[in-house]
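Q: Please arrange chains B and C on chain A, whose structure you already have, making use of the hints.
Below are the chains, spelled out letter by letter.
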Amino acid sequence: MTDLISRLARTPQGAAGLALVGLVLLVVVFGPLLAPYDPEAMAPLLRYKGPSLVHLLGTDQYGRDILSRLLVGARATVVMAVLATLLGTLVGALLGTASAFLGGRADEAIMRTVDAVMSIPSLLFALLIVNLLGKSGLNALLAIGIAFAPGMARVARSVALAVRKQDYVNAAIARGEGGFHIVVREMLPNVVAPIIVETTIRVAFAVMLFATLSFLGLGAQPPAPEWGLMVAEARKYLNLSPWMLIWPSIAIAIVAIGFNLLGDGLRDALNPRT
Amino acid sequence: MSPAYALKRCGLIVYTLLVVSLIVFAITQVLPADAATMLLGENATAEALAAVRERLGLEAPVWLQYARWLGGVVQGDFGTSLRTGLPVAPLMMEALGRSLLLALLSILLMLAIAVPLGVIAAVRRGRAADLIVSVLSYVGVSLPEFVTATVFVLVLADWLQILPASGYVAPTQDPLRALQHLALPVLTVSVILVAHVSRMVRSELVDVLHSDYVRAARLKGMKPRTVLLRHGLRNALLPTITIVALDVGYLLGGVIVVEEIFAIPGIGRQLIVAIQARDLPAIQAGALIMAATYSVANFAADLAYAWLDKRIQYD
Amino acid sequence: MEQPALTISGYSLDYLTPRGVHHALVDIDLAIARGEVLGLVGESGSGKTSLAWSIMRYLPGNARENGGRILLGRDDLRAMAPAAIEEIRGRRIGMVFQDPSTSLNPTLSLGIQLAEVLERHRGLTRRQAWREGEQMLARVGLKDPPGMMRRYPHEASGGEKQRVVIAQAFACQPECILFDEPTTALDVITARQILELFAELQAETGVASLYISHDLALVSRVADRVAVLHHGNMVEQGQVAGVFGAPREAYTRRLVAAVPRPDRRLVAELGPAEAAAAPLVAARGVSVEYGRPSAIARLFGRDRAPVVGNRAVSLDVRPGEIVGVVGESGSGKSTLARALTGLNPFSGEIVFDGRPVRGIADMDGAYRRDVQIIFQHPDSSLNPRQRIGEILARPLRLHDRLPGAAEAARIGELLEQVRLPATYAGRYPHQLSGGEKQRVAIARAFATAPRLVICDEITSALDVSVQAAVIELLLDLRRRHGTAYLFITHDLNLVRQIAHRIAVMYRGDLVEVLDAQAFSAGPTHPYTRSLVAAVPVPVG
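Residue numbers (this note's numbering), protein chains in the order written: chain A, 950 to 1223; chain B, 21 to 335; chain C, -4 to 535.
Chain A extracted, bound-state conformation:
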């Protein structure tokens, strides 16, 4: 683990990604403790304030402290995105690896269906599920997880097929290893790395999707300090205070950039040959 982190820190993307994601994780864990104000406390006299020493990032239309809302809201946004991506990875990796192993007609049938599901844009998929099954966080998580599974299945399958062709797998077959050993000991360690990379990058995408759902009014509901929702509300008061819009946008971008950079850094760090 320490070895991996030091390898990560060697590339500029890895180092920057590590720093940003580290910062985000700190906020997720300690955010509510660090928040200077109650995120829901209204102050009618302090509305639409720009950044100042009292309110570092300013206040919103109810005079709520934006920094506090961002710090508290990180949990909802980031944790949900990570969980949804993990769900999608799990389902997709199982599906893709199974497809690669079964081969032949089963592989063909699975991958054609996966392609078909991929032809529904992720956002549309999430909209359908969340709105028809009910606007709950769990449904949103489920929706994005399912929407991600086909893409992950494709990645897992192509990596598994590439690994399957390697001579160390042939060597294991030739010396009479059982299927379980070949899959778990020879193939899996080599399949996992690219999947971790893909998963990391997809967390960024999931954060953006969750925020978009909330923005469209189909995810978190007011007065939750969800970042996408904060942007949606801020649009109405653009002329009064652009800061209300700018800060949550930057927060979303930082999380997404962080996970994108970390994913690219991991790609290099997880390569055993470098």
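Careful, some of the hints might be misleading.
Claimed, not checked - Covered by chain A, per the in silico footprint, the following chain C stretches (three or more residues, Cβ under 8 Å):
| id | stretch |
| --- | --- |
| 1 | 335 to 346 |
| 2 | 378 to 385 |
| 3 | 388 to 400 |
Said to hold, decoys possible - Cross-link-like lysine to aspartate or glutamate pairs, in silico, EDC-like; alpha carbons within 16 Å at most:
| id | chain 1 | residue 1 | chain 2 | residue 2 |
| --- | --- | --- | --- | --- |
| 4 | B | K243 | C | E82 |
| 5 | B | K28 | B | D322 |
| 6 | C | K138 | C | E155 |
| 7 | B | K28 | A | D952 |
| 8 | B | K28 | A | E1126 |
If you're looking for bench data, these hints aren't it; they were derived computationally from the structure. Being a predicted model, the structure only gives us computed values, none of them experimental. Glycine included, every Cβ here is placed at the ideal spot set by N, Cα and C.
A: Then chains B and C, alone, in the frame of chain A:
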């Protein structure tokens, strides 16, 4: 491309649409309330509900409902909207036209920006220009459409007041004003695509510029310009075609958000309205049209690839 | 004295790497006269390719030149501006590359790639260049030049593509041409034809040639003089017969000694009892088929014959015998290895030690233990995420189940048996050199004390001195354990040194099986004869 392969691809598109319609149908079947309740409201009498159910064929088993719907679709009949009572298909096709205009303009703008950016980054690899393009593309892929849209509105519409903040004008009515109204949506949709595609162009071109045949062209004394354009970019853009086709998925998602924000009566906005009203026939038609657009775009990319790259022989 | 076409004097080159300065070339002196062929030999990392890049003025960003001159005729290439260098490349110096399948642009027709050189350097129009190009293709011995001009690289064979690359190099009548291993990627018979073309064009044009190769036997056939590089230093330079026949330097002597010579046998012949022993393994009519046409392809009547892997191959290996299998790429020699180890389904029968094996299901633990395979590329055959210790432990756990301490001791023994330190058990494959990795693969094969080891091109990725050491190791292991080998290779000289019998394969068929003496006396089958004729035998 052999006729057999083309036939197979068409078959796959049909299969894709079948799967998509089944998924949408399945999701709507687990709805807490059925279409009749939705249509008449919670307070409707049992008799009225039963009458509507009878009219909509909701008493039949699920599979029969699906089969009936599918039978209609094959004949071009997507059913009537529960919301407006009008046939769904003409409405959706009209909306699709507006969305396709938005999507095509976005792809053109994206190519015009992304390809030069990618080329500059690849040619100046490791220099300042590469770093700048790289940072910009990380930022670009990390901004959801609703953020970029809002920022563009803030700067270009509110502060500078050079473009309208929302609305739609048909190009047949007034082409200039139509373009002005489409400018912000197109810009918004392009940002993520530019960021993604410029990175792809860069990495493909870097690979190609390190290939043996580009080295061979340099060592034949070809001018740098010939090496870059004829031997480098040509081969680097081929895989980019496939990437762009796969990005149509993101593009369609972006179109939904952008149409909602800028009040463009396209397919995305129709879908959101339909989803909010739980208008099943309209949702089905919209989702199918989106999936068909994606499938056709990928088929077209395969055709283009096979035409441009003589090595590929799909069969 | 006439000015040489190419003169290099006192030239040194360094690469700046994260691990420090690497001296790629140190104080190199050489000269090539008009009409002369200078062979440049050396193992990987000797700097022979770096020298080619220096001459072409095509150096990576981390290269630093430390003095010396490179003269083309009387012009100092190092002093020239990039634009002037572009004018010279392709016009006054040409280059022929190792692999024609990667050095031609896959999306441009062969004609365009040839014509663009003529347009660029001789100022011809596209139409003139095209006509001139057709003449060039006729000169390099291609049939139907107009048709070939319109073809794309994937529509031409390796030999045809290399002829087009050669046509490009000769197109502007350059003073000097660099040949960088131009036949290494080709099959032996095609390589032989390319060499003949080279000799013909060389004599006709009187160009000065620098012929870079790792293959000493080949260089001794094509070059007038030879230069030997080792770790960036010019070890020895002189007439071919002198350098290879009576090398002055210790390194050259070692290099020359490592080159396989068919007349220098490395194994004792089998005694009459051994030669008459019942076969350890006998393949009886073993066939492997690859690929079947899809349903849709059949529907459209595009029924293509399935790709043949092997057709009814019958071959015996006796206990302790070394049977060589030779053939060009695609001859089905590796397919045979895959069938014998259960990696490909096959039809027919394998009789192992008297027991019939009719399919993969019949290959039980005892068979797996007795029959081992070593692959060509250790990078692919050793799992990059396992330590050497884990890699060697697997066959032990599968077949022996030793207690932990005994297992560790056995792994140490295995490593020492292949002459690697026991401490290597803790390393990962990427921390080892190519030769060391192949030794680990050998140790793994011998972990179960097998009776037959199938060696599938195991030395073809290795340098000649490393190859000699690996072969020596294999023969030593055989002496100790009495193991039989099925030794698959494309290197005819090597197999004639070590095999008791040689099987020749061609397009999926077993052409003939000869014992070593009969092979030297003169094979009977015409294909085998052309194969033997195509392989250069080292001089000296």
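Q: None of the hints should be skipped; say for each whether it holds.
A: Going through the hints against the structure:
Judged by the Cβ-Cβ criterion of 8 Å, the stretch 335 to 346 of chain C is covered by chain A as claimed, because 3 of its residues qualify and three suffice. With a cut-off of 8 Å between beta carbons, the stretch 378 to 385 of chain C has 4 residues touching chain A; three or more are needed, and the interface restraint holds. For the stretch 388 to 400 of chain C, the stated coverage by chain A is satisfied: 3 residues place a CB nearer than 8 Å to a CB of that chain, which reaches the threshold of 3. For the given pair, K243 of chain B sits about 9 Å from E82 of chain C by alpha-carbon distance, which is consistent with the 16 Å threshold.
Distance hint between K28 of chain B and D322 of chain B is fulfilled; the C-alpha atoms sit about 13 Å from each other, no more than 16 Å. Between the alpha carbons of K138 of chain C and E155 of chain C the distance comes to roughly 10 Å, so the proposed pair stays at or under 16 Å and holds. Restraint check for K28 of chain B and D952 of chain A: not satisfied, since their Cα atoms lie roughly 49 Å apart, outside the 16 Å limit. As the CA atoms of K28 of chain B and E1126 of chain A are separated by approximately 39 Å, the hinted pair breaks the 16 Å bound.
Going through the hint list in order, the structure does not satisfy hints 7, 8.
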